[in-house]
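Trainee: Model the full structure from these sequences, guided by the hints.
Protein chains: 2
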Amino acid sequence: MFDTVAVVGATGAVGTIILDLLEKRNFPAKNFRLLASARSAGKQLQLAGKTITIEELTHDCFEGVDLVIASTPDDTAAEYLPSAVKAGAKVIDESGYWRMNPDVALVVPEINPEAALNAQGIIASPNCSTTQMVLAMKPLHDAGKIRRVIVSTYQATSGAGLQGNIDLQEGTRAALDGADYEYKAFAHPIAFNAIPQIGSHKEQGYTSEEMKMVYETRKILGDETIMVCPTCVRIPVSNCHSESILVETEKPISVDEAKALFAATPGITVVDDLDASSYPMPSNSTSSDEVYIGRIRKDLSNPNGLAFWCVSDNLRKGAATNAVQIAELLARGV
Amino acid sequence: MFDTVAVVGATGAVGTIILDLLEKRNFPAKNFRLLASARSAGKQLQLAGKTITIEELTHDCFEGVDLVIASTPDDTAAEYLPSAVKAGAKVIDESGYWRMNPDVALVVPEINPEAALNAQGIIASPNCSTTQMVLAMKPLHDAGKIRRVIVSTYQATSGAGLQGNIDLQEGTRAALDGADYEYKAFAHPIAFNAIPQIGSHKEQGYTSEEMKMVYETRKILGDETIMVCPTCVRIPVSNCHSESILVETEKPISVDEAKALFAATPGITVVDDLDASSYPMPSNSTSSDEVYIGRIRKDLSNPNGLAFWCVSDNLRKGAATNAVQIAELLARGV
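These protein sequences, in sequence, are chains A and B. Counted from 1, the first sequence has number 159 at position 159 by full-length UniProt numbering; the numbering is strictly sequential. Counted from 1, the second sequence has number 74 at position 74 by full-length UniProt numbering; the numbering is strictly sequential.
These are computed hints drawn from the structure, not numbers from a lab. Keep in mind that a hint or two might mislead.
Claimed, not checked - Label pairs and their in silico Cβ distance ranges: (1) Lys202(B) with Glu250(A): 25 to 33 Å; (2) Arg39(B) with Glu203(A): 54 to 62 Å; (3) Ser208(A) with Asp177(B): 30 to 38 Å; (4) Asp142(B) with Pro252(A): 26 to 34 Å.
Claimed, not checked - Distance condition first, Cα-Cα at most 25 Å in a straight line; then the derived BS3-like pairs of lysine-lysine: (5) Lys145(A) with Lys298(A); (6) Lys145(B) with Lys298(A); (7) Lys145(B) with Lys251(B); (8) Lys259(A) with Lys298(A); (9) Lys251(A) with Lys298(A); (10) Lys202(A) with Lys298(B); (11) Lys298(B) with Lys145(A); (12) Lys202(A) with Lys259(B); (13) Lys24(A) with Lys43(A); (14) Lys298(A) with Lys202(B); (15) Lys50(B) with Lys24(B); (16) Lys259(A) with Lys202(B).
Just so you know, even glycine gets a beta-carbon here, dropped at the ideal spot from N, CA and C.
Mentor: In structure tokens:
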């Protein structure tokens, strides 16, 4: 139970869903405060039956706040969240800025809740494409020890924020009408296209989004020996990231065993009947907190390999839901 | 040089492009005949400055034909093409029906031209997703011997024929307008979605499209030991298939070496400057006969691995262009 919970970035794509989840899941708090940039300050939002006026995010705004849930750009998180920690608040951060800091816990509650409970400073929520993948990896890693992951992503435009979806919608309409459209969130047209770059060039020809999947996976699973080869691609889907994943385990895992392991993992739902054309897709996975897994099959190229297809709502389990689940974990204290 | 060349399936998505290529590339033939189903018979088309009336495809229609280029559904190819062979014609087939028949040559002219030149019966053109992949594999296989390929595809709706693109266009318009649309070419909505099934369930949880990438690759490269693990996915792109490919070679290949090998291969164009956001995409690869390769980088999970991104026009090099190139090879005779 927290007295005062502050949501930073309350008007963003993820912030909006965080508010929705706090209300729907009856998050145990006496007061909520909403913080955002000066541009949004003064506006009012409804939360848990109350009208709340958005306050401007400043270094001094965290006085009396017990828990901060922040979803902001990296530079905002870098600048303001240390002030929240200094003011004595527990801080859950959605941004990418703090995740790999050795003093910061990087948490998926189903995987490493103890990291959140023991955290002294900021608790980071992973990158959306990492979260769904590590949740799928966890039961396989426990059962057969994952040595290697090869992943190709099919990522939604909502991962680029509200402007990403505006670009998809308006760009697509323009393309259908043969009109021009100037994209703001993407370097190339996303309508009827596939863009094999998310983030900037980070190292060795890999993008920042791809290297997140390498480093965050190791930190969350607590195993620096897991090798990851990622390819991150933006496709014209508005919401839900899809991932084609191949894992190699020390001990081979059969398809039946994998299905049973996935089905027994909280947060995972198996949808897998190819003969009935039944598998996860963005169209049947959106607005859900689950990670959906299908197309589970033996790797045809390696006896220790297992291939599957994984879809999840990147704004929910990939972002807002994971943050709220961390908050619930802190509120329970166990 | 051929006297009479017949194009079967002249009105289809691929057939239309075959006619265009024959004209633009000044294919050496005295006469062209156009064959199609009874529904299209009697219609007229322009080809090489002449008006040609479409004739109905029958078992007896191949009399006097020297070369047949056919792009039809599998069952049509199964029924009629043996009659063309019997009538003494050379036959190039785009369908999937004959490819894996041991008496049939499966040809990508840059890779195994001798198979076409030595063929006694039908010469098959590979599946579109296979063609661009094997062309990319060939120089790497020659240099370092490929042992294993892991590929995830991002396939365009034009691969499902004219109706595939109608579905994408009309389904997308309906989705933007909040209206209903009944898809004809796809089991699920393709607008703003990703469908991880192309073809039917073939074996071991893999689809027919995926197994084509396994078996056709081995046959074209003449190496039954190459292991392939494919995942084929339809995305809302109208034309050009994209592929996230990872190869493992016996002898490691560096990024610089791979770039040089790709650049020296006829039919391949390297587009690879991540810092300048330059890489192949459907939007910059359509209506070209090339296979475009970018995002070339070392596999982070295996010293013998190399990852890259490959895009090509599935109706051109993936279908029509490859068939016409085989025809040109037969006409040259070397």
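Trainee: It remains to establish, for every hint, whether it holds in the given structure.
Mentor: Against the structure, the hints:
{"no.": "1", "hint": "Lys202(B) with Glu250(A): 25 to 33 Å", "in the structure": "holds (30 Å)"}
{"no.": "2", "hint": "Arg39(B) with Glu203(A): 54 to 62 Å", "in the structure": "holds (57 Å)"}
{"no.": "3", "hint": "Ser208(A) with Asp177(B): 30 to 38 Å", "in the structure": "holds (36 Å)"}
{"no.": "4", "hint": "Asp142(B) with Pro252(A): 26 to 34 Å", "in the structure": "holds (32 Å)"}
{"no.": "5", "hint": "Lys145(A) with Lys298(A)", "in the structure": "holds (16 Å)"}
{"no.": "6", "hint": "Lys145(B) with Lys298(A)", "in the structure": "holds (24 Å)"}
{"no.": "7", "hint": "Lys145(B) with Lys251(B)", "in the structure": "holds (7 Å)"}
{"no.": "8", "hint": "Lys259(A) with Lys298(A)", "in the structure": "holds (12 Å)"}
{"no.": "9", "hint": "Lys251(A) with Lys298(A)", "in the structure": "holds (13 Å)"}
{"no.": "10", "hint": "Lys202(A) with Lys298(B)", "in the structure": "holds (14 Å)"}
{"no.": "11", "hint": "Lys298(B) with Lys145(A)", "in the structure": "holds (24 Å)"}
{"no.": "12", "hint": "Lys202(A) with Lys259(B)", "in the structure": "holds (20 Å)"}
{"no.": "13", "hint": "Lys24(A) with Lys43(A)", "in the structure": "holds (22 Å)"}
{"no.": "14", "hint": "Lys298(A) with Lys202(B)", "in the structure": "holds (14 Å)"}
{"no.": "15", "hint": "Lys50(B) with Lys24(B)", "in the structure": "holds (14 Å)"}
{"no.": "16", "hint": "Lys259(A) with Lys202(B)", "in the structure": "holds (20 Å)"}
In summary, the structure agrees with every hint in the numbered list given earlier.
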